[in-house]
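S.K.: Which chain is which? The protein sequence lines are X and F, in order.
At position 13 of the first sequence (counting the first as 1) the number is 4 in our numbering, and the numbers step up by one without a gap.
Throughout, our numbering is defined as the position within the second sequence, counted from one, plus 200.
These are computed hints drawn from the structure, not numbers from a lab.
This structure is a prediction, so every number in the text was calculated from the model and none was measured.
Check the hints yourself; a few may be wrong.
Heads up, simulated DSS-like pairs for lysine-lysine below, C-alpha to C-alpha not over 27 Å straight-line [to be verified]:
no. : chain 1 : residue 1 : chain 2 : residue 2
1   : F       : K397      : X       : K166
2   : F       : K236      : F       : K299
3   : F       : K206      : F       : K396
4   : F       : K299      : F       : K354
5   : F       : K354      : F       : K236
6   : X       : K168      : F       : K396
7   : F       : K397      : F       : K203
8   : F       : K354      : X       : K3
9   : F       : K261      : F       : K203
10  : X       : K166      : F       : K396
11  : X       : K168      : F       : K397
12  : F       : K261      : F       : K206
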Amino acid sequence: MSFSHYLVDLAKIFVSSSIINNIILIQFLGLCSYIGLTDNMSSSIGMSFAVIFVTVSSSILTWVIDHWILIPSHLQPVLQITSFILVIGSFVGLVQIYLKKASPNLYKAMGIYLPLIATNCIILGVTFINSMNNYDFIQSIVEAIGISLGYTLAMIMLAGIRERLRNSDVPQFFKGKAIAFMVSGILALAFLGFQGMIK
Amino acid sequence: MKKYLKIIWDGISPANPVLIIAIGLCSVIAVSNSVKSALLMTFSFGLVLIPSEIIISTIRKLIPDEIRVPMFVVVIAAFTTMSVLLSRAYFTAIYDVIKLYILLIVVNCIIIGRAEAFAYVHPVVESLFDGIGMTIGYGWVLTAIAVVRELLGKGTLAGIQVLPQSFQPALIMILPPAGFLMIGILVGALETYLRKKGDKK
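Turn these sequences into a full structure, and let the hints steer you where they fit.
M.R.: Shown next as structure tokens:
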């Protein structure tokens, strides 16, 4: 495959992972933080930055483990889940300790969301998607960036809508979490329109 | 015996993991577009939850408090691997459609939550029944949503034509947005019910 074909391929992966197969609205991963943290704008932005950082670095880490250790030793089907979740869990713990020491400001902004991320399905989901599609190193990084930007997009959209909803007259039946789900349903309907954009 | 039946009943209705505690929604919305996927998902879920609860409750006195979550995760990951391999071997066609969600059982909040809140502080037999109850509770909600969505979206149930051919299927029901809409209506109905119940008291 020539270099320009490769670049087009990367662009396709990016668009498809961030918009067409949006991780929240079309694939339904990470709904806990999506519904739980979009109450206000600042916490959803903080969570999105933490997700971008951890997704990209853990997909680099798990790619190395997958391709240099698990596949050569034929242990991939048996040990993949266990090793991925342990590596991501301990990586998030290390980052937390490092941030606390090295940059207290960043820790204050990001720190409270980091423990939530360790059990967020998006991080593990991205590494499984990379490994299922047999992406190479650069493709997995592009996929991780695309997915986490798609997550940011959905988080900020819902947070903005919910801030408006607070001042509007919601029907009694849908008060509380229910309206957030209905709004996401309509957003998902809009995102469905992107389907088939890339062949 | 009555105590054990009560534990199972708790999982089915009063402390239903999906409806009341409202966790683990990702997989519920994602796989509820066909009855077959919903059943396979429940099967794999039970295959992970029940043995994990038994093992964790067996070794609960040996686990140091500080590292209990990593221990839970290792146990759960081991059983998820088994359940993934089993589903891949025996239900290949459905597995290929929902494999991402079966793999992600390992980070399902319900399982870690039950390990932490129930199995870690209860004896083995009670944990076994809690696992059974939670699996049934998760399964019936998932299957009920799947029945409605597949019936309206395709006119079939588990692949068998149920409604007459003249029925115009509403394609939207098996597409992703309907998952959100269904959960929204369910949550709304439940909160209205709880509010009315609260008023009476």
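S.K.: Against this structure, judge whether each hint is valid.
M.R.: A quick look at each hint next to the structure:
1. K397(F) <-> K166(X): Roughly 16 Å between the alpha carbons, so the hint for K397(F) and K166(X) holds.
2. K236(F) <-> K299(F): holds, 13 Å
3. K206(F) <-> K396(F): holds, 25 Å
4. K299(F) <-> K354(F): holds, 22 Å
5. K354(F) <-> K236(F): Measuring from Cα to Cα gives roughly 13 Å; hence the hint holds.
6. K168(X) <-> K396(F): The given pair, whose Cα atoms are some 17 Å apart, holds under the 27 Å limit.
7. K397(F) <-> K203(F): holds, 26 Å
8. K354(F) <-> K3(X): Violated: K354(F) and K3(X) sit about 31 Å apart, past 27 Å.
9. K261(F) <-> K203(F): holds, 23 Å
10. K166(X) <-> K396(F): With a Cα-Cα distance of about 14 Å, the restraint between K166(X) and K396(F) holds, given a limit of 27 Å.
11. K168(X) <-> K397(F): Holds - the C-alpha atoms of K397(F) and K168(X) are around 19 Å apart, at most 27 Å.
12. K261(F) <-> K206(F): holds, 25 Å
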